[in-house]
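Chemist: Here the protein sequences come in this chain order: H and C.
The number in my numbering is simply the position in the first sequence, starting from 1, with 6 added.
The number in my numbering is simply the position in the second sequence, starting from 1, with 1 added.
Calculated from the structure, these hints are not laboratory results.
All figures in this text were calculated on a predicted structure; none of them were measured in a lab.
Check before you lean on any hint, since a few could be wrong.
[Stated by the list, open to error] Just some of the chain C residues that point at chain H, by a computed CB distance under 8 Å:
id	residue
1	F163
2	L268
3	S319
4	F324
5	I345
6	L347
7	G348
8	G349
9	P354
10	T357
11	P359
12	L362
[What the hints assert, rightly or not] Simulated DEER-style distance windows between Cβ atoms:
id	chain 1	residue 1	chain 2	residue 2	range
13	C	E409	H	G290	56 to 62 Å
14	H	S76	C	G304	53 to 59 Å
15	C	E289	H	L63	48 to 54 Å
C-beta: ideal position from N, C-alpha, C; glycine also.
The residues making up each chain are set out below.
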Amino acid sequence: MTNHLPKVDVVLVGFGWTGAIYAEKLTAAGMEVLALERGPWRDTPKDFATTFAQDELRYYWRHGMFQETSQSTVTFRNNGAQTALPMRHWGSFLPGNGVGGSGVHWNGQTYRFLPSDFVAKSHNAERYGPLPEDMTIQDYGVTYEELEPHFDYFEKICGICGTAGNLRGDIQKGGNPFEGPRSDEYPNPPMEMTFSQDRFEAAAREMGLNPFPVPSANMSRAYVNPLGLQLAPCTYCGFCEKYGCGNYSKSSPQTTIIPVLMQRPNFTLRTDSEVLSVEKSADGTRTTGVTYVDTSGERFFQPAEVVVLCAYPLENTRLMLLSEIGTPYDPQTGEGVVGKNYCYQVMSGARVFFDEEYTNGFVGAGALGMAVDEYNGDNFDHSGLGFIGGGYIACYTTNARPIESHPVPDGVPGWGSEWKQSVRANFLKTTTVGVHGASMAHRSNYLDLDPTYTDRHGRPLLRMTYDFTLNDRRLTAHITPVAEEIARGMGGREVNVAERKGSYDSMPYQTTHNTGGTIMGNDPQTSVCNRYCQSWDLHNLFVAGAGLFPQNAGYNPTGTVAALAYWTVAAIIDQYMADPGSLVQA
Amino acid sequence: MRRLALITAFCGASFALGEGQAQELSSSEVERGRYLTQAGDCKACHTDIENDGIPFAGGRALMTPFGTIYSANLTPDDETGLGRWTREDFYNALNEGIDDEGRHLYPAMPYPYFTLMTRQQTDAIFAYLQSLEPVQVEEQENDLPFPLNIRMSVSGWKLLFFDDEEFVINPDRSEEWNRGRFLVDGPLHCGACHSGKNLLGASKDDEYLRGGTLQNWFAPNIRGGENGGIAHWDEDDIFEFLKYGRAEHTAPMQRMGEVVAISTQFLQEEDLRAVATYLKSLDDTSREPEEAPETARLEAGEGIYFDNCAACHATDASGVPYFFAPLGTSNKLHAKDPSTVIRIILGGARAQPTETVPSMLAMPPFAWKLTDTQIADLLTFLRNTGDRRSGAVSAEAVAEMREYLAEEY
Chain H
7 MTNHLPKVDV
17 VLVGFGWTGA
27 IYAEKLTAAG
37 MEVLALERGP
47 WRDTPKDFAT
57 TFAQDELRYY
67 WRHGMFQETS
77 QSTVTFRNNG
87 AQTALPMRHW
97 GSFLPGNGVG
107 GSGVHWNGQT
117 YRFLPSDFVA
127 KSHNAERYGP
137 LPEDMTIQDY
147 GVTYEELEPH
157 FDYFEKICGI
167 CGTAGNLRGD
177 IQKGGNPFEG
187 PRSDEYPNPP
197 MEMTFSQDRF
207 EAAAREMGLN
217 PFPVPSANMS
227 RAYVNPLGLQ
237 LAPCTYCGFC
247 EKYGCGNYSK
257 SSPQTTIIPV
267 LMQRPNFTLR
277 TDSEVLSVEK
287 SADGTRTTGV
297 TYVDTSGERF
307 FQPAEVVVLC
317 AYPLENTRLM
327 LLSEIGTPYD
337 PQTGEGVVGK
347 NYCYQVMSGA
357 RVFFDEEYTN
367 GFVGAGALGM
377 AVDEYNGDNF
387 DHSGLGFIGG
397 GYIACYTTNA
407 RPIESHPVPD
417 GVPGWGSEWK
427 QSVRANFLKT
437 TTVGVHGASM
447 AHRSNYLDLD
457 PTYTDRHGRP
467 LLRMTYDFTL
477 NDRRLTAHIT
487 PVAEEIARGM
497 GGREVNVAER
507 KGSYDSMPYQ
517 TTHNTGGTIM
527 GNDPQTSVCN
537 RYCQSWDLHN
547 LFVAGAGLFP
557 QNAGYNPTGT
567 VAALAYWTVA
577 AIIDQYMADP
587 GSLVQA
Chain C
2 MRRLALITAF
12 CGASFALGEG
22 QAQELSSSEV
32 ERGRYLTQAG
42 DCKACHTDIE
52 NDGIPFAGGR
62 ALMTPFGTIY
72 SANLTPDDET
82 GLGRWTREDF
92 YNALNEGIDD
102 EGRHLYPAMP
112 YPYFTLMTRQ
122 QTDAIFAYLQ
132 SLEPVQVEEQ
142 ENDLPFPLNI
152 RMSVSGWKLL
162 FFDDEEFVIN
172 PDRSEEWNRG
182 RFLVDGPLHC
192 GACHSGKNLL
202 GASKDDEYLR
212 GGTLQNWFAP
222 NIRGGENGGI
232 AHWDEDDIFE
242 FLKYGRAEHT
252 APMQRMGEVV
262 AISTQFLQEE
272 DLRAVATYLK
282 SLDDTSREPE
292 EAPETARLEA
302 GEGIYFDNCA
312 ACHATDASGV
322 PYFFAPLGTS
332 NKLHAKDPST
342 VIRIILGGAR
352 AQPTETVPSM
362 LAMPPFAWKL
372 TDTQIADLLT
382 FLRNTGDRRS
392 GAVSAEAVAE
402 MREYLAEEY
């Protein structure tokens with residue numbers, strides 16, 4: 007039996023970064039908002055206090071912060087000829103769970119995508135001619151210029167620390183000269199760099215590149231954001247990714263938005279409430295609300311004027327497929343849209359080992375790094391290279407957490423006394439130069455419902471069909487040697503290169519940057535949502551998150567995810583509420 | 002409904018009133034009463050906060066050293082509240098500690114402070130309270146041992162410790178100072194916590210605002226003049242603390258957090274600045290330095306500090322102003338009675354969010370992580386850094402507090 011609840015203005019499915027952003031803006035505009043979160047309430051002093059937050063066994067090894075695979079997981083295969091199997095232990099990516107979502111355990115690297123990233127198809131086709139037929143990339147439908155005020159606002163909410171590279175068109179010394187024009191400086195100065203970044207910077211400059219501090223959500227100083235919320239200076243403890251911050255030093259929904267939201271009478275949060283489906287009206291033109299289940303197995307129908315999908319991209323896609331909203335993507339015909347253009351990230355790098363000098367990686371932070379952007383996006387001429395897109399090259403010092411990070415040079419055995427000796431010798435004397443590569447959409451990479459495996463409610467799991475593409479391989483083969491050259495210029499004893507070769511492997515950790523599946527665009531034939539992240543099919547259904555990305559850029563996604571959320575919520579308040587209906591005529 | 006209650010109340014009161022009557026129905030009186038009610042923090046004790054009680058409907062259990070007292074219903078309910086009270090009755094309660102039937106009120110109700118208010122002011126508070134929705138509540142019996150359960154015993158207490166006094170303006174001081182003193186000693190009743198008490202719970206004159214212990218919290222010395230507990234605070238700091246719930250030096254937590262949340266953040270700036278002016282005028286005698294503790298304890302404490310506390314409070318204990326308290330100058334840390342800091346280390350603490358500063362900052366508890374000896378050594382180290390010699394803390398004191406917290410919470 008399903009209990010019917012009183013109607014609310016807006017129901018949010020999931021309560022991480024985008025849920026918090028939507029809730030804050032919508033409640034400020036006077037709407038009654040209910041957020042449904044599958045996981046538990048989580049709060050700094052109770053759930054990631056300084057007294058126990060830095061626990062590798064609990065958080066790294068036992069996945070204390072993440073979605074439990076017994077609750078829900080995905081099945082994976084490299085291509086359509088294989089049978090997908092469920093991931094019973096996370097590896098390559100780590101979806102979050104609970105209040106704050108993955109925004110609790112992220113590193114805090116907060117970039118803006120390049121202006122050309124938002125028009126990847128038209129821009130590249132114009133510059134380099136027709137793109138390969140299987141490369142199903144497209145334009146976002148929204149431009150960098152339109153998103154700029156929203157990037158700016160999110161950076162102020164988070165207190166992002168960095169150096170502007172392009173202030174209203176003027177190139178600034180020390181910043182990223184390739185970034186789109188910014189309306190304002192970063193609210194805080196960059197973090198203090200360490201030995202490794204200094205060496206990287208010198209080596210990059212020697213090569214004529216323009217190194218800049220990575221925009222960081224780990225605080226370089228105490229900060230009060232526009233909502234009056236306080237962030238403390240980072241202690242460089244080196245426990246960001248996979249961990250909650252006990253010092254209030256990392257921007258998260260908990261530190262930057264939620265305390266204000268919880269005081270508002272027109273906001274309600276229901277935790278431990280898992281949405282099972284989005285319901286449609288009889289005529290199929292709108293959603294009527296969502297059905298969810300609580301921990302006692304009770305089912306509830308929550309009616310709402312507007313529904314926003316704010317869960318992780320993989321779950322948003324699955325919910326749309328399970329709810330039969332929009333046409334599922336078919337890789338055979340190339341028709342349909344839901345599940346289309348699943349993309350990821352193409353990572354590689356070069357590790358430097360020093361003999362004399364100490365890098366002291368334990369003095370780290372998730373976004374403590376220097377980067378160069380000469381090989382990202384369309385910042386360089388791709389003529390004759392056979393690929394488009396690129397990636398930033400960066401030297402981060404995120405941690406020296408001993409269970410997770412104890413690298414040894416190539417050729418050292420994986421165990422035994424020789425290994426131990428090498429770990430001891432190299433533990434505090436190593437760093438990496440990484441390439442954070444873009445991932446262009448391909449016809450054969452997609453998400454759909456698994457024909458075999460189901461979750462505990464009997465609903466099909468999401469199936470991921472994914473492998474690196476020819477574009478990815480050429481991209482990484484072109485840029486990794488640049489990272490290697492920088493690494494060799496840093497004065498170490500030896501450099502080991504980790505190339506990206508072979509098929510995608512779902513086990514070794516790469517990044518939690520899963521994108522696509524609910525993509526946005528200008529044409530309902532090729533996208534799930536319009537330029538306002540509004541479903542083409544149900545005008546009162548909106549979607550948030552990196553699932554909107556038609557393809558993934560060579561950056562970490564959170565900044566762009568947040569800017570899109572603020573852009574959409576402004577459209578809901580300013581346009582949709584006055585005149586509910588499709589904001590774009592197809 | 003509200004209006005009806007208001008009129009009924011005035012019918013009953015009409016005989017007792019003389020000149021004040023002209024203002025009875027004026028909204029300005031109700032508004033002044035609301036403000037004074039806020040200043041007096043009446044809502045805090047007269048709402049069962051722990052059980053989400055209705056504001057002003059009473060029923061909050063107040064643990065006194067002498068037993069449990071349940072607060073009264075201040076809403077105008079005829080049976081269980083102030084519905085049948087007159088302005089005269091209310092004035093007598095605040096001014097003399099006597100209820101409508103002539104019974105003595107327990108001095109958990111701070112009438113020794115409220116007595117400084119004028120008849121006009123208590124009338125205004127009454128008018129405001131009578132404008133509330135009447136709420137019928139179940140009355141709870143106080144849990145006091147003999148002979149305290151007999152209200153007559155209070156009369157003896159009052160004979161000894163209570164002066165029914167009006168506020169007297171000191172003509173040698175500024176208007177602001179006088180206003181500050183009236184607020185501190187009257188409606189704000191700061192001394193109820195911040196002054197030392199004798200064994201019978203009365204504030205001692207010679208410990209005036211030099212800090213007091215209540216329910217195992219030590220409310221610190223808040224004298225702001227030379228040698229005072231907040232000598233290093235300036236008037237802006239005091240204002241920010243009371244208005245925004247954050248100051249460079251610390252934030253209100255737990256009990257004081259409640260006061261800021263319910264009362265002081267809503268008071269007018271000039272009133273809070275007057276409080277600051279007054280507190281800053283109170284000098285104190287300099288404290289004799291205590292004996293220096295053993296070096297081994299200091300070294301152990303320093304190590305524990307570095308491993309457990311330095312990440313937030315900084316290696317040199319200078320903290321992060323407005324965020325993590327600087328410890329070197331803390332009037333709680335260096336107090337003669339270290340109860341509050343022991344308690345915070347064991348049980349953690351939450352900084353009070355306010356309308357201006359909504360962050361819900363908290364320090365986590367360390368009870369599960371540090372032993373009594375470790376906490377004692379840590380505090381001994383912190384109380385004896387630099388040129389301060391504030392005395393050692395014993396492991397027994399920590400053990401006692403641990404036991405108290407285990408029993409009470």
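Chemist: Hint by hint, note whether the structure agrees.
Modeler: Hint check:
1. F163: Violated, about 40 Å.
2. L268: violated (19 Å)
3. S319: Because about 12 Å separates C:S319 from the closest Cβ in chain H, which is outside the 8 Å limit, the hint is violated.
4. F324: holds (5 Å)
5. I345: Hint violated; C:I345 Cβ to chain H Cβ min 12 Å, cut 8 Å.
6. L347: violated (12 Å)
7. G348: Status violated, d = 11 Å.
8. G349: Result: holds, 6 Å to nearest chain H Cβ.
9. P354: Holds - the Cβ of C:P354 comes within 8 Å of chain H, reaching about 6 Å at its closest.
10. T357: holds (6 Å)
11. P359: holds (5 Å)
12. L362: Because about 6 Å separates C:L362 from the closest Cβ in chain H, which is inside the 8 Å limit, the hint holds.
13. C:E409 to H:G290: 56 to 62 Å: holds (59 Å)
14. H:S76 to C:G304: 53 to 59 Å: Roughly 42 Å apart at Cβ, these two residues miss the hinted range, so it is violated.
15. C:E289 to H:L63: 48 to 54 Å: holds (50 Å)
Taken one by one, the earlier hints fail for this structure at numbers 1, 2, 3, 5, 6, 7, 14, listed in ascending order.
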